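For reference, the chains in residue letters:
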Amino acid sequence: MARQSTGVITARVRLGDRVFSGSTVIAGSVILGVLAAVALFLIVQSIPAITAKEGTLPNSAPNFWAYVWPLVFGTVWSAALALIISIPISIGVALFISHYAPRRLAQGLGYVIDLLAAVPSVVFGLWGVLVLAREIQPFFVFLNTNFGWIPLFGGVVSGTGKTVLTVAIVLAVMVLPIMTAVCREIFLQTPQLHEEAALALGATRWEMIRMAVLPFARPGIISASMLGLGRALGETLAVAMVLSPARVINFFLLTPQNPNTIAANIALQFPEASGIGINTLIASGLVLFVITFIVNAIARVAVNRRKAFSGAN
Amino acid sequence: MPAGVTTPEGNTVKFTRFGSAAAIAVAATIVLSSCAANEAAPATSGSAAPVSKLSGTFNGIGSSAQGAAETAWIAGFQIANPKVTVNYDPQGSGAGRKGFIAGAAAFAGSDAALKDTELATPSPLCMAGTKAIDLPIYISPIAIAYNVAGLTDLKLDAATIAGIFKGAITKWDDPAIKSLNSGAALPSAAIVVVHRSDDSGTTQNFTEYLAANAPTVWDKPAAQTYPYAVGDAAKGTSGVADAVKGAANSITYIDESGATGLSIAQLKVGSAFVKINASGAADVVAKSPTVTGRDANDLAIAIDRKNTDKNAWPLVLVSYMIVCNTYADPAQGELVKAYAQYVASSEGQAAAQKQAGSAPLSKDLAAKVAKAIATIK
Chain A
2 MARQSTGVIT
12 ARVRLGDRVF
22 SGSTVIAGSV
32 ILGVLAAVAL
42 FLIVQSIPAI
52 TAKEGTLPNS
62 APNFWAYVWP
72 LVFGTVWSAA
82 LALIISIPIS
92 IGVALFISHY
102 APRRLAQGLG
112 YVIDLLAAVP
122 SVVFGLWGVL
132 VLAREIQPFF
142 VFLNTNFGWI
152 PLFGGVVSGT
162 GKTVLTVAIV
172 LAVMVLPIMT
182 AVCREIFLQT
192 PQLHEEAALA
202 LGATRWEMIR
212 MAVLPFARPG
222 IISASMLGLG
232 RALGETLAVA
242 MVLSPARVIN
252 FFLLTPQNPN
262 TIAANIALQF
272 PEASGIGINT
282 LIASGLVLFV
292 ITFIVNAIAR
302 VAVNRRKAFS
312 GAN
Chain B
-6 MPAGVTTPEG
4 NTVKFTRFGS
14 AAAIAVAATI
24 VLSSCAANEA
34 APATSGSAAP
44 VSKLSGTFNG
54 IGSSAQGAAE
64 TAWIAGFQIA
74 NPKVTVNYDP
84 QGSGAGRKGF
94 IAGAAAFAGS
104 DAALKDTELA
114 TPSPLCMAGT
124 KAIDLPIYIS
134 PIAIAYNVAG
144 LTDLKLDAAT
154 IAGIFKGAIT
164 KWDDPAIKSL
174 NSGAALPSAA
184 IVVVHRSDDS
194 GTTQNFTEYL
204 AANAPTVWDK
214 PAAQTYPYAV
224 GDAAKGTSGV
234 ADAVKGAANS
244 ITYIDESGAT
254 GLSIAQLKVG
264 SAFVKINASG
274 AADVVAKSPT
284 VTGRDANDLA
294 IAIDRKNTDK
304 NAWPLVLVSY
314 MIVCNTYADP
324 AQGELVKAYA
334 QYVASSEGQA
344 AAQKQAGSAP
354 LSKDLAAKVA
364 KAIATIK
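If you're matching them up, the sequences are chains A and B in order.
Using this note's numbering, the first residue of the first sequence is number 2, and each one after it goes up by one.
Using this note's numbering, the first residue of the second sequence is number -6, and each one after it goes up by one.
Looking at chain A on its own, in the form it has when it is part of the complex (with noise of 0.2 Å):
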């Protein structure tokens, strides 16, 4: 028998092989079939609002792009906002947790930072605009009358803080968890043979964790980072809830009139909503549904191309 000589042995196959990559089949095929139906019922809800003639749609917007286009901006910039603020805090907790704190501490605060993730995002929105707003108002004020010749901190302070700092301080606060656990997980997976080299070396620990663990991390912490900016991009609750928009697009941090996000917007807008003001809400989830995806495609080169220079292998 030629397959034989070969040295290939094929295996009988069994029922229960069958059976289970069958339904493995059908449980990949499911999640493809789902994603292809949502976009085909955003591309179908969409076409009206994008063919819309001017002045039948809302806010009296004289095309689709030019009623969306805000509400991009104001989307990729406050979820830019909030991982600017959470990328280092989650690297040091991580760090602290693998690194530094006693082993029992670390189990313990490792459990809470996962408890923390459980905390559903209305609960977060409640306390932005109950507690946080109010308590750094004042101090925007300060930011405002001391630094305002920083074109970010410049324009009318806003009189109830709910502007796109504080939307940004909450994102980074829900999206903390997240990130931490994978940054965690992955600095503790820096081979131990490369750690004790470097100390052996006469490296101190921070120059232990800069030469050997922040190099191997590297794509798992950019992968922690797009998978909290999935989270910030689409938080909807919170920032509906703690933002004080407008139609406008400005880099102030610090006043009332801020652009607001796609999701906000369409959680704000949809109850009110009718005829083509549906269809122009479906349309922005629509582009939403683009960057998000354009956002994971960037994620997925960025940890393949620094793959080969982790040092893992």
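Calculated directly from the structure, the hints in this document are not laboratory data.
There may be inaccurate statements among the hints.
[As the list claims (entries may be wrong)] Selected chain A positions facing chain B (Cβ under 7 Å, derived; list incomplete): (1) Ala12; (2) Ala241; (3) Ile250; (4) Gln258.
[As the list claims (entries may be wrong)] Sample of chain A residues with no beta-carbon within 10 Å of chain B, all distances over it, derived: (5) Leu33; (6) Ile51; (7) Ala134; (8) Phe148; (9) Phe290; (10) Ile295.
It should be emphasised that the depicted structure is a prediction, and the values quoted were computed from it without experimental measurement.
Yeah, the Cβ is synthetic: ideal placement off N, Cα and C, and Gly gets one too.
Fit chain B to the given chain A structure using the hints.
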């Protein structure tokens, strides 16, 4: 697994931890939602009323402004009719009208009457060839509420309000405000304008009032989306109230029921200043004409924003119950008719006033509504 140990299986640990977090989240959702389901239960339990022959279930979707009132009405109606279950889902006026036209709900609550296009779309609920009708059943005065330390008797007219909310008047001691409030202690502070961030019937009625009474200042048409990029925005009546309570020198427009704890400005109507009052609001609605070109039973109201009667409060929101004049299913018609009768009755209106702070329908309007309801089949 101890946190310090590194193994290739590190990933598995991660997934189980996420799994437990997810499990907690799922459990919490189930617990919370079952709580919510329980809340409606007490309404059905108290049955000390005369025996009613009605039985069945029907649903309403619509205005969140009516939400609190509907809760009171459903409780009252179900006590009188223990075998009937009414569900009201306060998804919003637009969602309510959509749901009604699609046949998803037996009636809709809406802060705006059916539009002509919506009226022309037949609902599968209604007998072919018949139309839906609008019944005004919920009147809420809109207050101009403010939070300024030491200022309790602010007086404003339409042009000044329009100026403030448009961003043309930015200081509390602006000459326009001063001239209306001689002797009041007006601070030399910036005005923090707070408006709704979500589309709402309150914004629609507020802007309609300003567009009618101060057209030179308020140069945008009435809209349910706040038209100017001025001031802070907050979500819903409660969000607006919170924002004003938390921010010094702030001002907003808000359903009177949501303004507890805030000072309410007097409004210049004609040549006199009027304090907010429910009967004045109900009177304005009662004296306003109905929208022309509709069925006799369709009581869509074109509110007369320029009413200058004594004590009138033309800054008012009317919310409707939208029903079929003739239901395709007579049993459903009977149920909805009974419910509408209760809602429009003095008893129902008093319940709403107690629960939601609305203004009861005036006698003549209540009579008109009752006449329209009598024709529901």
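Hint status (Cβ of Gln258(A) to nearest Cβ of chain B, threshold 7 Å): holds (5 Å)
Going by Cβ atoms, does Ile51(A) stay more than 10 Å from chain B at every point? holds (20 Å)
Going by Cβ atoms, does Phe290(A) stay more than 10 Å from chain B at every point? Phe290(A) is indeed farther than 10 Å from all Cβ atoms of chain B, at 22 Å.
Does the no-contact call for Ile295(A) survive, Cβ to all of chain B over 10 Å? It holds; Ile295(A) is separated from chain B by about 25 Å at its closest Cβ, greater than 10 Å.
Restraint check, 7 Å cut-off on beta carbons, for Ala241(A) near chain B: With a minimum Cβ separation of about 6 Å from chain B (threshold 7 Å), the hint on Ala241(A) holds.
Nearest-CB test (10 Å) between chain B and Leu33(A): holds (22 Å)
Report holds if the minimum CB distance from Phe148(A) to chain B is greater than 10 Å, and violated otherwise. Holds: least Cβ distance 19 Å, greater than 10 Å.
Minimum beta-carbon distance criterion (7 Å), Ile250(A) to chain B: violated (11 Å)
Status of the stated non-contact between Ala134(A) and chain B (beta carbon gap over 10 Å): violated (7 Å)
A closest beta-carbon separation below 7 Å is what the hint needs, so does Ala12(A) meet it against chain B? Status violated, d = 26 Å.
Hint compliance for this structure: hints 1, 3 and 7 are not met, and every other hint is.
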